[in-house]
Each structure stands twice: as structure tokens, then as C-alpha cells.
Amino acid sequence: MKEISRRIGFVCALLVLVFTAFAWRLIHLQVLKHDYYQEIAADKHESRQVILARRGRILDRNGEELAVNIPVQMVYADGSRIHDPAALAMVAAPFLDVPVKELTEKLTTKSKYVVIRKRVSEEKAQDMIRALEKANLHGLYLQEGSVRSYPNGEMLCDVLGYVDHTGHGADGIEKTCDRELRGQEGFRMIEHDRKGREIMVYRGQEQLPENGSDIRLSIDMGLQAIAEREVDEAYKTNHPASATAILADPNTGEILALASRPNYDPNKFNEANLEQMRNRAISDMYEPGSVFKIIVTSAAYNEGIVDDKSRIFCENGHFSYGGKVIKDHHGCGDLSVSEILVKSSNVGAAKISLKMKDQMFYDYVRKYGFGTRTGIPLPGEISGMVNPPHRWDMLTKTRMAFGQSICVTPIQMVMAMSAIANGGKLLKPKLVLSKGEGSAELQEPPVAQVVKAESANFIANALERVVSNQGTAQKISPHGGYLAGRYIVSFAGFFPVNKPRIMGIVIVDDAKLGETANYGGSVAGPVFAKIGEKAARHLDMDPEPADSVSKKDSSTSAVSVR
Amino acid sequence: MSVNRRRTTNTIEVNYLAGGLTIIFLFALAGLFFVYLKNQQHAVGNQSRMIEASLREEEARDDALKAKITSMTSRGALQRRMDDGYITLQAIRDTAIARVTPPTLAEVDGVLRTASHDPESRFGLGAPQRAINR
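From first to last, the protein sequence lines stand for chains S and Z.
Under the numbering used here, residue 856 is the last one in the first sequence; the count climbs by one each step, no gaps.
Under the numbering used here, residue 151 is the last one in the second sequence; the count climbs by one each step, no gaps.
The hints are simulated quantities; they were obtained by calculation from the structure and are not laboratory data.
Any given hint could turn out to be false.
[Unchecked claim] Straight-line C-alpha distance at most 16 Å; calculated EDC-like pairs for lysine to aspartate or glutamate:
#  : chain 1 : residue 1 : chain 2 : residue 2
1  : S       : Lys404    : S       : Asp372
2  : Z       : Lys85     : S       : Glu417
3  : S       : Lys806    : S       : Glu527
4  : S       : Lys418    : Z       : Glu75
5  : Z       : Lys83     : S       : Glu417
6  : S       : Lys418    : Z       : Asp79
7  : S       : Lys418    : Z       : Glu74
8  : Z       : Lys85     : S       : Glu358
9  : S       : Lys793    : S       : Glu748
10 : Z       : Lys83     : S       : Glu504
Same shape as in the complex, but just chain Z (with noise of 0.2 Å):
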């Protein structure tokens, strides 16, 4: 007896496996990608962490250097240094400083100062006016 074969072959539904292969595609494509985001944001993360350590680093380091500067510039470092000789003051006598205007007292502003370069103190209130209509 003869038997046909044919009829215990399955017929390969082409579409079906493409759409299924499609769809899995994707997914493990967006998987991927997900993986992938995920590890740019962990470098991104780690990037933002260092810079943050260096910039905390570099912040600190500017702290240290401005009170470095400070405790050597102090009134008290610095008379401690004229003590030493180091350093010492010379007193100018006032034949020696050329005034461009009659000195402005301090108790006005609190400012001490040899000379003033504010036009209204040079020329009196009004004056630059004139000077200008020249």
C-alpha cells in the first residue's frame, strides 16, 4: 500500500514567523537599547560625579589659597614681618606728594586718601558744566 507522503508535510506559514521574528527583533532591539541608555547614563553619571569631585577639589584648593593669602597679608602677619625688619615703612614727607586737589578729609567718606580724581571735588560743584560748554 502506497502511502503519500505529501500529505504529513507542514506548510511553513512565512508570514507568521516574520511577523513573530519581527516582533521579537524589536523587542530585544529596544533591549538593547535600553541596556545602552542605561549604561550612557552610568558613564554620563560618572562623568558628573568627577567633575563635581574636581570641582569640589579645585573650590576647596581656591578656599586654602585665599586663607593662605590672607593669614600672610594679615595686619598681624605683616606687622610681625616689620618687626622682623622685613618689611618697613617710609614715611613720605608731604612736600614729597603732589596733591592734585586740597585733600579731601577722611571723616567726610571715611576714605583716606592723597589725592581726589572725583571732577565735582576738583572743580567745585557746577564746574564741570562749564568745562564742557568750553
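Here chain S stands alone, though its shape is the one from the complex (with noise of 0.2 Å):
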């Protein structure tokens, strides 16, 4: 009896022996090393599921769509997961457009992500999805993406720019909107089971994505369209080095359209060089030419140095000073000054300036906005070059005159004629007219008051009378001084005359037409004349009576300065 109960004794003490094992493991696993077990799992189940927000649209002032999404996806493979390589790269394949046997050594890998194939259409990666279900094969997975779409292509690349592989803005409205169309992406965690499908009774916390807002821009499509085919036709006739135009709308500085060449697809950016990705509107500086007399002879208008009695004597067309020769295309003896702009008189226009002092005459300019960003919301914007008083040479100041030694920016060049057109407010480019759906308009008060109303009106009538509305200045050589035979000719110009509402200028940079035929008469004007008439038949313009339809498609500038 008592080896029986001995025997007894020793089994439980066996058992509790053992039981306290259990149960010192237990406490070790679930107590003590909770943590790192919890990591592990959860680390094994658990993962930070990214929302992606949708990239707002950008559209025009009519709400025509210049950029939209095409929804695509990744497809990468998860080597922890895949048992059968070979099976599942013959199942995949075909959806994929990659060889069998390529799949196959990219599946054979233990990474728990690998890149198998971008840009893959929506529809095709679920049929292989469902394919892999059919066929009960795992490790292949699908990663939502979007891939930026410009459905006009090259019209309008200077302005929308392009978003590069990472989906940020690279270039254009895309960059600098690019906070406001990305939107916030938002995120869930969850938990997944062993085929790595969601469970999603443990769907834990969630932060719904905020979509980019829809950017809606000052640019109508229509002139848009008869802008980009007017500077392609010139680009093909003139073979020029590029070729620009813009057209803005002098009240209130929006910008309707922009056009350049050479441009690119922003579909295709990775084929483009940086010639075709540079918006020559706002990063190209050229000295203006006669389009610059307005400024000088406005200034002087209001200043009261000159007035509409005033008479100029314009020495006939040769006109000695500080041992250069300023020259007339036509000479002429004593000019007003209205008569000065319709002549396009250099000598004219050098002698007014030689009546204001040179702080006076700088500060004029500047104010015009010249040499100064205009902030237009594009990137690679630059100031132009204005050199200040204490670096004129005596010839300097009657050169600026008639737009030499001075360079600005085509931009530049449209916001300053619009202060002309629009009785002398000097207004901030619009380009962005709202941003979000039905948020409010973005307003722009006017940058300054450059001249008073009177005197911008008295420059806007005597341009009425400007038989030849062109700027041609000598391209500058980046070695100093002028290129022999190659020219920058610019047609400046707004209409209808007592109303203005299209502010325009086209820059053609070195025509191959030879030296006598490469002014900005016969080489910019027929294609801002071709603009002009198509936009006033878009624009439902009312044609004025006969008298007066000589002024609505006159405006500004003089002859060559040659």
C-alpha cells in the first residue's frame, strides 16, 4: 500500500513537473516575449495599405480637359508566397507580354517584393487575377497606380508641363500646382491571411485619401487651337529657331493662349530634348525692337516732357550722336509724337529719350515691369536684363530707346503693351483662373498704375494709325555684339482698338528668308494678322463699321530698326 501511494506520489509530481513547464512556457511566450512575438506576426500579417488620391484635372477656361488620369496597375511578385514558379509564370505571362521563360527566372526569388511589370491596363490585370484564382496559384499581386494622360498632346506642352515617373509635377502647371492637384494620399492597416487576400474583420484604422482639386486655367482651347496651327505653319514655311505667340487678354492680364515652337509631347517627355522642353515665353530674352518706342514715348507723355503739339526733329533720318549714327529707314525733318510711333522714328524716339533724365527714364521701365519676374505661374520664369543708369554709356539710353541694349521676355513684352490697352495698369499674368470645383476665382489686383489713363490712351490712339506694326532687332552673339544676317522679328499688337480684349504678340527667331526679307513685318505680322481674324470670328466679335475697321486690327510698334 504504501509503494502503491509512493508510486502516486511520483506520477504527480511528474505531472506538475511537466504542467509547470507548459505552463512557464506559456507565460514566457505570452508574457514575457509578447512583444517581439506580436512584432513578428504582425509583421507577418499586418500591413500599412496606401490610399492613393486621385491627381485633380487640369482644364481650360471652358472646362475642356488638358490633363486627365488613365488608371493602370503594378504587378509585383512576393517570393515568400510562390511555391510553383514555372506555373505561374505560364499562366501570367500571356497578360503580361513577358516571355515565359523571363518571368520565370524573375518569380524564382525569395524578395517579398519585386517589380514585375509597370503600367499595366486595368483590364488586363485583373483577367490574369482571375486567371491565377482559376488556376489556384499565388504570389503574384496587383498595386493601384495612375498614369498622367495630355489627350491634345503637344498643344499647350509650355503651359501643362508633365508629371514625371515619381507622379510629381516636373515641369509647366504641373509643377507649379503640383501640391494642389496631388491631393493627400490616405492609408488603412490591415491584416491578410496566408493567400494574402485582406481579412477584413481586422481592417483597423483608416484615413480616406483627399483628391487633388481640378485646376481650371485661363486658357481658351479655341485660341489655343488657332495659335498652335498659325506658329506651326510659320515654323514649317520660315524654318526659324523657334517661334512664339501669346495671347492675352489686356483687362485682366489672363492668359488665353501660348504657343511655341519647337514643343514636345508631354505623353512621350522621355523623347523630347531640352530645346523642345524650353517655354521660350517666359525663359527667352530678346531685345524688343521698335516695339519698345512706347514705352519711351509714353513715359515722356506722362510725364509732360512731350505732348500731342510736341514737334521732334528727327535730322531727317541721320542723326549723330556720341560718335554713332542713329538712322531712319525713312528719313523725316520735324514729327509729333504720334507721328514718331506711326514712322517708327529711332531718331524720333532716341531724342524724346534724351529729354527725360536717365533715373527718371530706368525707373519707367521698370515700372513697366522690365527686368522684373511678372510671376506668372510657370517655372523657369526669368527677369530679362535692364541694365541701371550707372552702367549707360552715353549711347545706352537712346538704344533703349527704340529696344536696344535692353532684353526682355516675350511675357514681359504682352503685359507691358496690355498696360497701353488698358489705360496704363501694369497687371500680374493670369494663368490660374480657379483651383477646385466650384471654389471662387482667384483675383489678381493690378501690379501698378505705370501711366495715368490719359497717357496710355493717347500711345493706344496714335497706334491706331501704325501702318507697320513690327519689332526687328540683330540676334546677340554670346561672344558680344550682334550675328551677322540673323534676326528676331516680333509683331505686337490688341485689338479691337476701342474696346481691347485680345493683347497679342508673335517672335520669330531667325527666319532663313535672307537679311532683306526677315523683318517683323512680312515674317510675325501675316501670322498675328492670321490669329487676329480667326480669334474675332471665335470670339463672335461684332465687326465695327467701315471707318473704323482699319483700327481694330492695327496696335502697336514701328518699322525695323535696320
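Build the complex: two chains, separate frames, hints provided.
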């Protein structure tokens, strides 16, 4: 009996020991090593699923879509879940357009994240997943994404820019409004089963994404198409190094069209070179030539230095000053200020500039916005080049009066001309009308009242009679001086003259026409005229009475400086 | 010596047994119900996951189709088709346009139209009231 009790005691003690060991192990796993094992488990089953925000669209002023998103899927492999790479490759390869052998090699991995193919269409990706489920194969998964598409191709590429492979805007409005367009991506904490499927019951914290805002531009695609077509034709006909056209509303500063050649297709930005991608309207500077005479005349008129009765002796087109001779195309005697603009007299403009103090002239040039970035919401804008009076020599002021010794950008010229058209107010160029659906239009106050409305109207009225509305300047050599036989010609104007609605400029750089034919009026002028005519029709402008028809398509600037 | 065997017999406490069994049964039932509910939860979760996926799929397909429509009807695409001769612009002579009223200039509201159906612009201000009174 005693023996039996001893044995029972022994077995009981053994059992107690065993269960104590089990209990201790349990405590060790569940309590002491809790955090460690929980982390391993979480790492295996939990993940943070990113919910992508939809990038906002870019629209023109009438709601026409200029940049949209196409949903695509990225296919990646999780090597830890692949049991039979060959079988998986056999099923998936036809959907991914990858050879089976190559795919098998890629799938033979232990890595948990191997990108197999980017930008797979939604349809193909879903078909592939269904085929894999049917064959009971695992290891290939999808990651949502989208690619940016520009339905109009090359049209308006300088304004729109493009989105790079990381999904960030890399140029144009895509870059400057990237924050608004991109939105804020969301996330959710999920747990998945051994097949990689989400276990909905254990869905954790969730934050929904904020989709990006749509950006409505001031661009009118009707006018843009007109400008593109005419610039394209000029580019093909005259074979210039570049051609640019800008149309703006002089009353609001809204940019209505901006076309430039050479250009590129933002859908294939990888194939474009830097020359094609440069936005010449804001990043190229040129000597404006005779167009600049309006600056000196309006400034002098505004200061009361000249008035509508003033007569300037134009030296019969041959004015010696500072050891150099300033020449006119057609020699003239006494001319009024209006006539100086009408006949585009370099001598007259130079003489008016000499009546002004250096600092005063310089201040007006700066007040018109030259030498300062306009603030157009596009990347890469330059400020042009305006030297201060202490760096001038004796000739600088007289040269500046007819658009030499100064470099401006096309957009600066458009905004300065707009000030003449709208009663003297310099406006900031406006490219974005609103950000987000239903949001109020963005308002921009005038930058400055450059000249009195009376002065602006005086110049505008004088420009009505300008027959030859052109500017021509010789190309500057990078080594100093001018390049022989190479010219940048421009033509600027606004219409209708009584109530300007469109301000435009056309610039053609180095047209291959020879020295005798390369003038603003003969190269850039016809392009401007065609754009103006079509734009007037597009905007359904009321035809003016016969006696004022000539006013409608006339405007600014003067004859060649040559 | 005779032994009274009846004294060694234990009585079964049916009441206690029934109570215990009932409690065990209730616990088991609760457990089963819990498992059933958990299964249901997972099944519904799966369903909602599939619905979410199919919604996402439909949305993506819708977006893809919209993008396709946009690219096919974009100004650039239409221009290319016009250049290739697939479509042409046919000018309509002014005399061939029936104008219900004198055309309103686009300058007024930015909309280009050939005919106005707005009663106010058709009859002038105040005219609709006169028409109703008659």
C-alpha cells in the first residue's frame, strides 16, 4: 500500500513538473516575449495599405480637359508566397507580355517585393488575377496607380508641363500647382491571410485620401488651337530657330493662348530634348526692337515732357550722337509724338529719351515690369536684362528708346503692351482661374498704375495709325556684339482698338529668309494677322463700321531698327 | 456475515446533473453561436472585400474609358482627323441658318449660338407677361 502511494506521488509530481514547465513556457511566450512575437506576427500579417489620392485634372477656361488620369496597375511578386514559379509564369506571362522564361527567372526569388511590370492596363491586370485564382496560384499581386495623359498631345505643352515617373509635376502647371493637384494620400491598416488576401474583420485604422483639386486655366482652347496652327505653319514655312505666340486679355491679364515651336509631346516627355522643353515665352529674352518705342513715348508723355503738340526734329533720318549715327528707315523732318510712333522713327524716339533724366527713364522701364519676373505661375521664368543708369554709356539710353541695349521676355512685352491697352495698369499674368470645383476665381490686383489713363489712351490712339506694326532686332552673339544676318522679329498688337479684348505678340527667331525679307511686318505680322482674324471670329466679335475697320487690326510698335 | 450492499450505492442527484448539463449546454451553445457569428463576420467581410474590389475595378474601368473618350474627342485628335480627311468642316451659309431671333453676341455671355430660346431675349423685357395676359 505504501509502495502504491509512493508511486502515485511520483507520477503526480512528474505531472506537476511537466505542466509547470508548460505553464512557464506559456508565460514566457505570452507575457515575457509578448512584444517580440507580436511584432513578428504583425510583420507577417499586418500591413499599411496606401490609398492613393486621385490627381486633379487640368481644364481650360471652358472646362475642356487638358490633363487626365488613366488608371493602371503595377504587378509585383511576393517570393515568399510563390511555390511553383514555372506554373505561375506560364499562366501570367500572356497577360504581362513577358516571355515565360524571363518571367520564371524573375519569379524564382525569395524577395517579398519584386516589380514585374509597371503600367499594366486595368483590364489585363484583372484578367490575370482571375486566371491565377482559377489555377489556384499565388504570389503575384497588383498595386494601383495611374498615368497622366494629355489628350491634346503637343498642344499647350509649355503651359501644362508633365508628371515624372514618381508622380510629381516636373514642369509647367503640373509643377507649380503640384501640391493642389496631388492631394493627400490615405491609408488603412490591414491584416491578410496566408494567401495574401485581406481579412476584413481585422481592418484597422483608416484614413481616406483627399483627391487633388481640378485646376481651371485661363487658356481658351479655341484660341490656343488657332495660335498653334498659325505658329506651326510659320515654323514649317520659314524654318526659324523658334516661334512663339501669346494671346492675353489686356483687361484682366489672363493668358488665353501660349504656343511655341519647337515643342514636345508631354505624353512622351522622355523622348524630348531640352531645346523642345524650354518655354520660350518666359525663359527666352530678346531685344524688343521698335516695339519698345511705346515705352519711351508713353513715359515722356506721362511726365509732360512731350504732348500732342510737341514737334521733334528727326534729322532727316541721320542723327549723330555720342560718336555714332542713329538712322531711320525713311528720313523725316519735324514729327509729332504720334508720328514718331506711326513712322517708327528711331531718331525721334532717341531724341525723346534724351529729354528725360536717366533715372526717370530707367524707373519707367522698371515700372512697366522689365527687369523683373512677371510672376506667371510657370517654372523657369527669367527677369530679362535691364542695366541701371550707372552702367550706361552715352549711347545706352538712345538705344534703349528703340529697343536695343535691353533684353525682355515675350511675356513681359505682352504685359507692358496690355498696360497701354487697358488705361495704364500693369497686371500680373493670370494663368490659373480657379483651384478646385466650385472654388471662387482667383483675383489678382493690378501690380501698378504705370502711366495715367490719359497717357495710355494717347499712345493707343497713336498706334491705330501705325501701318507697320513690327519689331526687328539683330540676334546677340554669345561672344558679344550681333550675329550678322540673323534676326529676331516680332509683331505685337491688340484689338479691337476701342475696347481691347485681345493682346497678342508673335516672335519669330532667326527665320531662314535672308537679310532683306526678315522683318517683323513680313514674317511675324502675317502670323499675327491670321491669328487675329480667326480669334475675332472665334470670339464672335461684332464687326466694326467700315470707317473703323482699319483700327480693329492695328496696334503697336514700329518699323525695323535696321 | 451478510453485507448490506444497498448502503454502498450512491444516489444520482438528477437536479444537480441537469443543472450542470444545462450550463455546459448553454456554454457550448454560446461557443457555437460565437463561432457561427465569427464565420458570418468573415463571410460578410469577404463579400464586402469583393464588392470593394469590384467597385474599384468598375471605377478604374470607367476612368479608363473616360480617358479614352477624352483622347479620342480632344481638340488635337479631331484636328488630326480633319487633317487626314476623316472628318470635314462644312461651312453653313448665313442664309441657310434659320434664326428664331436676332443672334445674341457671344460677347454678352460667352456662349456662341445661332438661335435664342430665351423668351426674354426673344420678346424683350416685359413681353412674356403680355403674352400670358392675352
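We went through each hint and held it up to the structure:
no.: 1; hint: S/Lys404 with S/Asp372; verdict: holds (8 Å)
no.: 2; hint: Z/Lys85 with S/Glu417; verdict: holds (13 Å)
no.: 3; hint: S/Lys806 with S/Glu527; verdict: holds (14 Å)
no.: 4; hint: S/Lys418 with Z/Glu75; verdict: holds (14 Å)
no.: 5; hint: Z/Lys83 with S/Glu417; verdict: holds (14 Å)
no.: 6; hint: S/Lys418 with Z/Asp79; verdict: holds (15 Å)
no.: 7; hint: S/Lys418 with Z/Glu74; verdict: holds (11 Å)
no.: 8; hint: Z/Lys85 with S/Glu358; verdict: holds (14 Å)
no.: 9; hint: S/Lys793 with S/Glu748; verdict: holds (15 Å)
no.: 10; hint: Z/Lys83 with S/Glu504; verdict: violated (21 Å)
Hint compliance for this structure: hint 10 alone is broken.
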